[in-house]
Amino acid sequence: MRLTPSDESIFLLALSTFLLILILLFSFLILVPKMQNYRTQDIKLQEITSTLNTYKKIKQQLSLSLEKSKITNQHLLAALKQDFDIEVFYNKYKNYFKTMQICKEKSPKEYDLYDINTILDKSSYKIFYNFIDSINKSKWIIKIDTPIRLKRDTKNDIDISFSIKVYLPSQSHL
Amino acid sequence: MGYSYINSREKSAFTPRVQMLFIVFDAVILLLFGMYLFFIYQDSKFSQQMQDIKNNTIKVQNDISDLSEKIKKVKEKELFCEKIYTKNTLLKDSTKNIFELFPKEIILSKVILSDDTLILHGKTPNKQLYNTKLQIPLHSIYSINKTTLKPLDNGWYEFSSINESKKR
Chain A
306 MRLTPSDESI FLLALSTFLL ILILLFSFLI LVPKMQNYRT QDIKLQEITS
356 TLNTYKKIKQ QLSLSLEKSK ITNQHLLAAL KQDFDIEVFY NKYKNYFKTM
406 QICKEKSPKE YDLYDINTIL DKSSYKIFYN FIDSINKSKW IIKIDTPIRL
456 KRDTKNDIDI SFSIKVYLPS QSHL
Chain B
35 MGYSYINSRE KSAFTPRVQM LFIVFDAVIL LLFGMYLFFI YQDSKFSQQM
85 QDIKNNTIKV QNDISDLSEK IKKVKEKELF CEKIYTKNTL LKDSTKNIFE
135 LFPKEIILSK VILSDDTLIL HGKTPNKQLY NTKLQIPLHS IYSINKTTLK
185 PLDNGWYEFS SINESKKR
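First to last, the protein sequences are chains A and B. In terms of the working numbering, the numbers along the first sequence are unbroken and rise by one, the last being 479. In terms of the working numbering, the numbers along the second sequence are unbroken and rise by one, the last being 202.
Don't take each hint at face value.
To be verified - Quick list of in silico lysine-lysine cross-link-like pairs, PhoX-like style, CA-CA up to 20 Å:
no., chain 1, residue 1, chain 2, residue 2
1, B, K144, A, K470
2, B, K106, A, K456
3, B, K157, A, K442
4, A, K470, A, K397
5, B, K88, A, K349
6, B, K106, A, K386
7, A, K427, B, K144
8, B, K93, A, K361
9, A, K427, A, K460
10, A, K448, B, K126
11, B, K107, B, K138
12, B, K104, A, K386
13, A, K431, A, K442
Stated by the list, open to error - Residues of chain A placed beyond 12 Å of chain B at every Cβ, according to the derived structure:
no., residue
14, Y343
15, K349
16, D388
17, D390
18, E392
19, K403
20, K411
21, S412
22, D464
Calculated from the structure, these hints are not laboratory results. The beta carbon of each residue, even a glycine, is placed where N, CA and C say it ideally should be.
Between the sequences and the hints, there should be enough to build the whole structure, so can you do that?
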């Protein structure tokens, strides 16, 4: 028995072949490159996301470090922002001495210079140490400058004269 | 030869089998085209996401450099203040040392204390007391010592001592 394909079968075969070729061409020429591109971009996206996350962690650590540093140095940072008030200084420290005189001198840009002349009771010279300790805890950044001149006066008291350098926020020492 | 009186039925190219074939291929093509559209959409989405992440990274990098700069400034301020406080404390200790160094017998009239210099003026009952109780301790602190002793009418000596260290 000999089978002869009908016209319809031939048409179907031809159509199927044509559509199959069309699908294969579409898949290999368009879809596969797109898919590869998708994978490459996905890997790239993951990489840059990971980099961003690393930077975010660094930023977080630095923020914490800055906050910690600010809290630790709260007194210093506040002192560097504080304007110097000669009246407040005088009223605060005059009680350390028998007498105290303070006057402003010509100063360079970095700091304000004040000359201080004091008289201290001979028996209570240790108060001067307390004065220096108190200066270190004051609300300003003050450096006691040398030379310090100590002189015994006629009443056997000690005349102490020295200068102080007051570092102010407006001055560009930092 | 006989003739049929029935009309011939119209033949169409879209037979049920052809229609079935079209349905199957249509479904496949639709699926593939759907995938193609998905990839195109993802492509544009990736570009947008990448741009956002890049912008974000630049922003975070800038924030990091700002924070580093701020930390550096705080550290500088801390160092600056600590230096001042340390100098004040050292000065206090130096003053304390001087007051404690002097024997009660020696009377000081003037002291000038600098960072690396100490100038003393005063009176001592005798040279030996000055040399043993003041000169030796001063010599251990300062490398250069220049002392002059002048005798007074009451038998005491007036001294003037310049002491320098070579620290600088």
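Beyond 12 Å from every Cβ of chain B: is that where the Cβ of D388 of chain A lies? Since the minimum Cβ distance to chain B is about 17 Å, D388 of chain A lies beyond 12 Å and the statement holds.
Assertion that Y343 of chain A lies farther than 12 Å from chain B (Cβ): At roughly 5 Å from the nearest Cβ of chain B, Y343 of chain A sits no farther out than 12 Å, so the non-interface label is violated.
Would the hint linking K427 of chain A and K144 of chain B be met if the CA-CA limit is 20 Å? Holds, at roughly 13 Å.
Would you mind confirming whether the straight-line C-alpha gap from K93 of chain B to K361 of chain A stays at or under 20 Å? With Cα atoms ~10 Å apart, K93 of chain B and K361 of chain A stay inside 20 Å; holds.
Hinted pair K104 of chain B and K386 of chain A, Cα distance within 20 Å: holds (16 Å)
Compare the distance between the alpha carbons of K88 of chain B and K349 of chain A with 20 Å, and conclude whether the hinted pair is satisfied. holds (12 Å)
Between K448 of chain A and K126 of chain B, is the straight-line Cα distance small enough, at 20 Å or below? Holds, because 12 Å separates the two Cα atoms, which is no more than 20 Å.
Is K157 of chain B within 20 Å of K442 of chain A, Cα to Cα? The given pair, whose Cα atoms are some 37 Å apart, is violated under the 20 Å limit.
For the pair we were handed, K144 of chain B and K470 of chain A, check the Cα-Cα distance against 20 Å. violated (24 Å)
Is the claim that D464 of chain A lies outside the interface with chain B correct, judged by CB distances over 12 Å? The assertion about D464 of chain A is violated, with a minimum of 9 Å to chain B.
Is it the case that S412 of chain A keeps its Cβ farther than 12 Å from each residue Cβ in chain B? holds (16 Å)
A cut-off of 12 Å on Cβ-Cβ distance, and D390 of chain A was said to be off the interface with chain B. Does that hold? Non-interface label on D390 of chain A holds, nearest chain B Cβ at 19 Å vs cutoff 12 Å.
Checked against the numbered hints given earlier, this structure breaks hints 1, 2, 3, 11, 14, 15 and 22; the rest are met.
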